[in-house]
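Produce the complete structure using the sequences and hints provided.
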Amino acid sequence: MSAPLLSIEGVTAYYGAIAALKGVDVTVDEGEIVTLIGANGAGKSTLMMTIFGAPQARDGRIVFDGRDITRVPTHDIARMKLAQSPEGRRVFPRMTVLENLQMGAAVTSYAHYDEDLERMFAIFPRLKERASQRGGTLSGGEQQMLAIARALMSRPRLLLLDEPSLGLAPLIVKQIFSVIRELNRTEGLTVFLVEQNAYHALKLAHRGYVMVNGRITLSGGGRELLEREEVRAAYLEGGRH
Amino acid sequence: MAAPASPAAAPSPLIAAVKDAGIAALIALGLALPMLGLVTTQTQAGMGLVPHWDRVAIAVVAVFAGRLLLNLTLWRPGRRKSALAVPPKVEATLARTAKYLGPLAILFAIVMPLLPFTERYAIDLGILVLTYVMLGWGLNIVVGLAGLLDLGYVAFYAVGAYSYALLAQNFGLSFWICLPLAGILAAFWGVLLGFPVLRLRGDYLAIVTLAFGEIIRIVLLNWYWFTGGPNGISGIPRPTFFGIDFDRGPDGFAATFGLSYSPLHRILFLYYLILALALITNLVTIRLRRLPIGRAWEALREDEIACRSLGINTVNTKLTAFALGAMFAGFAGSFFATRQGFISPESFVFMESALILAIVVLGGMGSQFGVAVAAVVMIGGFELFREFSDYRMITFGLVMVLIMVWRPRGLVSSRSPTVFLKEKKAISGALVQEGHG
Numbered sequence: 001m002s003a004p005l006l007s008i009e010g011v012t013a014y015y016g017a018i019a020a021l022k023g024v025d026v027t028v029d030e031g032e033i034v035t036l037i038g039a040n041g042a043g044k045s046t047l048m049m050t051i052f053g054a055p056q057a058r059d060g061r062i063v064f065d066g067r068d069i070t071r072v073p074t075h076d077i078a079r080m081k082l083a084q085s086p087e088g089r090r091v092f093p094r095m096t097v098l099e100n101l102q103m104g105a106a107v108t109s110y111a112h113y114d115e116d117l118e119r120m121f122a123i124f125p126r127l128k129e130r131a132s133q134r135g136g137t138l139s140g141g142e143q144q145m146l147a148i149a150r151a152l153m154s155r156p157r158l159l160l161l162d163e164p165s166l167g168l169a170p171l172i173v174k175q176i177f178s179v180i181r182e183l184n185r186t187e188g189l190t191v192f193l194v195e196q197n198a199y200h201a202l203k204l205a206h207r208g209y210v211m212v213n214g215r216i217t218l219s220g221g222g223r224e225l226l227e228r229e230e231v232r233a234a235y236l237e238g239g240r241h
Numbered sequence: 001m002a003a004p005a006s007p008a009a010a011p012s013p014l015i016a017a018v019k020d021a022g023i024a025a026l027i028a029l030g031l032a033l034p035m036l037g038l039v040t041t042q043t044q045a046g047m048g049l050v051p052h053w054d055r056v057a058i059a060v061v062a063v064f065a066g067r068l069l070l071n072l073t074l075w076r077p078g079r080r081k082s083a084l085a086v087p088p089k090v091e092a093t094l095a096r097t098a099k100y101l102g103p104l105a106i107l108f109a110i111v112m113p114l115l116p117f118t119e120r121y122a123i124d125l126g127i128l129v130l131t132y133v134m135l136g137w138g139l140n141i142v143v144g145l146a147g148l149l150d151l152g153y154v155a156f157y158a159v160g161a162y163s164y165a166l167l168a169q170n171f172g173l174s175f176w177i178c179l180p181l182a183g184i185l186a187a188f189w190g191v192l193l194g195f196p197v198l199r200l201r202g203d204y205l206a207i208v209t210l211a212f213g214e215i216i217r218i219v220l221l222n223w224y225w226f227t228g229g230p231n232g233i234s235g236i237p238r239p240t241f242f243g244i245d246f247d248r249g250p251d252g253f254a255a256t257f258g259l260s261y262s263p264l265h266r267i268l269f270l271y272y273l274i275l276a277l278a279l280i281t282n283l284v285t286i287r288l289r290r291l292p293i294g295r296a297w298e299a300l301r302e303d304e305i306a307c308r309s310l311g312i313n314t315v316n317t318k319l320t321a322f323a324l325g326a327m328f329a330g331f332a333g334s335f336f337a338t339r340q341g342f343i344s345p346e347s348f349v350f351m352e353s354a355l356i357l358a359i360v361v362l363g364g365m366g367s368q369f370g371v372a373v374a375a376v377v378m379i380g381g382f383e384l385f386r387e388f389s390d391y392r393m394i395t396f397g398l399v400m401v402l403i404m405v406w407r408p409r410g411l412v413s414s415r416s417p418t419v420f421l422k423e424k425k426a427i428s429g430a431l432v433q434e435g436h437g
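Residue numbers (UniProt numbering), protein chains in the order written: chain D, 1 to 241; chain H, 1 to 437.
None of these hints come from the bench; they were simulated from the model. Some hints here could point you the wrong way.
Below, computed lysine-lysine pairings styled on DSS-like, alpha-carbon distance capped at 30 angstroms [unchecked claim]: (1) D:LYS128 with H:LYS99; (2) D:LYS203 with D:LYS81; (3) D:LYS203 with D:LYS22; (4) D:LYS128 with H:LYS89; (5) H:LYS89 with H:LYS99.
If you only want the chain H side, here are some residues facing chain D, beta carbon under 8 angstroms, derived [said to hold, decoys possible]: (6) GLU298; (7) GLU302; (8) VAL419.
The calculated label-pair distances, taken between Cβ atoms and stated as ranges, are [said to hold, decoys possible]: (9) H:ILE207 with D:GLU224: 49 to 57 angstroms; (10) D:GLU118 with H:THR73: 56 to 64 angstroms; (11) H:LEU33 with D:LEU166: 28 to 36 angstroms; (12) H:LYS19 with D:ALA39: 34 to 42 angstroms; (13) H:ASN316 with D:ASP25: 30 to 38 angstroms; (14) H:GLY30 with D:LEU166: 47 to 55 angstroms.
Every residue, glycine too, gets a C-beta built ideally from N, C-alpha and C.
So this is what it looks like as structure tokens:
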């Protein structure tokens, strides 16, 4: 078996003296959709940020595509075909949709800009309609689409998605998740997805991890985790959308 | 601002209006008692207080009557108020005409000194206004585009001015060699300030830059043997027309070009020099906005974390913003030095920084045209009301308050996008909440 695309080995991260990650091991293979689920404050988003070097891991190693990126600055990590759609979407509110997308292509020096722009508009037709509108005036769902499209503009091999379903209507969530599945199936895009919406995430993912208080407590195939009693009890009962 | 009028609590609008006016009158009484009512005078024993209750009475009655009148007319409860101070339609028209107003304004600036009725005073005023237009545009890069609040901008202006003055006096270098040197030196100081403040934002950044501005001024004031301290530097060489002096001699500008000597030549030259410098600042800014670095500045202003995760090196981006902003201040500074022929730390006080920042904010952060208009209004206004200089600060404050009430995002608040699919669309600033960007 070939080496995983992303491997996180015994990573710890701290906010001041408080440990947010207490030794996390996760691997993501090429072509997979892997999800990380867990409750609020479990450290899911911290892991996402730590992969991107802000905060940097205190112990352990993060290897992407055979390169140790544990101590690499954030902006250099973003140049390694690793892209992130951050938590809370973080689109540039006063810049137009088009300008937002352009920012996403900055790391590629706009080599495939026109082509990629057309592709994004094909995947998210809504963005084309809104191309000259300010990012801040979009609806939540449109902003999420924009954040994903912006990340895809850099032609990543691995896409990190932090809570794409946050604050969105169930219908939109479905739409966004089907786009992710489609991208994975047709283009072989590898996705690492952090989610609170455990049901949708596990249904979508090939494999999943469950995080509790900065530690991975369970892992396995997506469907398999869905069936597990402890997962159902903690994250699904009463929470099914 | 409108009269509080909930129908249940106040059965009659008249009573509510009188009540409100009464409260306003009480506040006026409180303010007027010490401010208008008591006047200090010199007596033999030292200071004495003379009461002027009549003035207090007039003020209170005026406030009461005025407020009552407003309550019954303009602020009458139930009177329909437009949600926006300026209707979007007007705003859109404004934005559209601004496109033509810009070139028109530049054209006017070019021909203005040549018009027959233009006096020397007008050209002098033009030079002053253009200096501030240039400073405003320079600061606009730092504050308007990159979103880094800089309260010590005048420090770079000072660095530019002193660079030119010292280089010209000690080494006899000409203005044209010193101009780029002054720009480079100022940019260097911009980077120097940039480093320690990389991690700061907002209020904290403002305080450090404020301190930086003061440090530069105080160093200039106390480094006596180098800068001349409070005496400043006088006898700074005047600019030459590429080596030709503006004087009466046989090698002077007038003689060389076969004109009769006139002191106006130098003034005209200075005017066109600062116009050219300002336009260069504008062109560079407009060009940069469309380049990756300019877009990175704007993205940085919007969201630093998102920027970093998109592969933008925020350190370099911030430093280039500081350096470029400082460079243009350096150019303006050396122009200031050569125009005045005398500089001292007096010219580089915090008030100047505040004035330039006010021009940028009132003009609409990020808008080149708005900044130019604000500079003309503020500096021109200051000059026009020179006779009433006692009331200058009051008017200044009043204008600021009025603009912030009616145009909270500055005079020209629409930001034109840098890339388009089909047609250009300006986006009204009114559609975006305050404090966002």
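Quick rundown of the hints versus the structure:
1. D:LYS128 with H:LYS99: holds (26 angstroms)
2. D:LYS203 with D:LYS81: holds (26 angstroms)
3. D:LYS203 with D:LYS22: Status holds; Cα separation ~27 angstroms.
4. D:LYS128 with H:LYS89: holds (25 angstroms)
5. H:LYS89 with H:LYS99: holds (16 angstroms)
6. GLU298: holds (6 angstroms)
7. GLU302: With Cβ-Cβ at 4 angstroms, under 8 angstroms, it holds.
8. VAL419: holds (5 angstroms)
9. H:ILE207 with D:GLU224: 49 to 57 angstroms: Hint holds: Cβ distance 56 angstroms, inside 49 to 57 angstroms.
10. D:GLU118 with H:THR73: 56 to 64 angstroms: holds (58 angstroms)
11. H:LEU33 with D:LEU166: 28 to 36 angstroms: At roughly 56 angstroms between Cβ atoms, LEU166 of chain D and LEU33 of chain H fall outside 28 to 36 angstroms, so the hint is violated.
12. H:LYS19 with D:ALA39: 34 to 42 angstroms: violated (54 angstroms)
13. H:ASN316 with D:ASP25: 30 to 38 angstroms: Given range 30 to 38 angstroms: holds, Cβ gap about 35 angstroms.
14. H:GLY30 with D:LEU166: 47 to 55 angstroms: At 50 angstroms between Cβs, range holds.
In summary, the structure is inconsistent with hints 11, 12 from the numbered list given earlier, while agreeing with the others.
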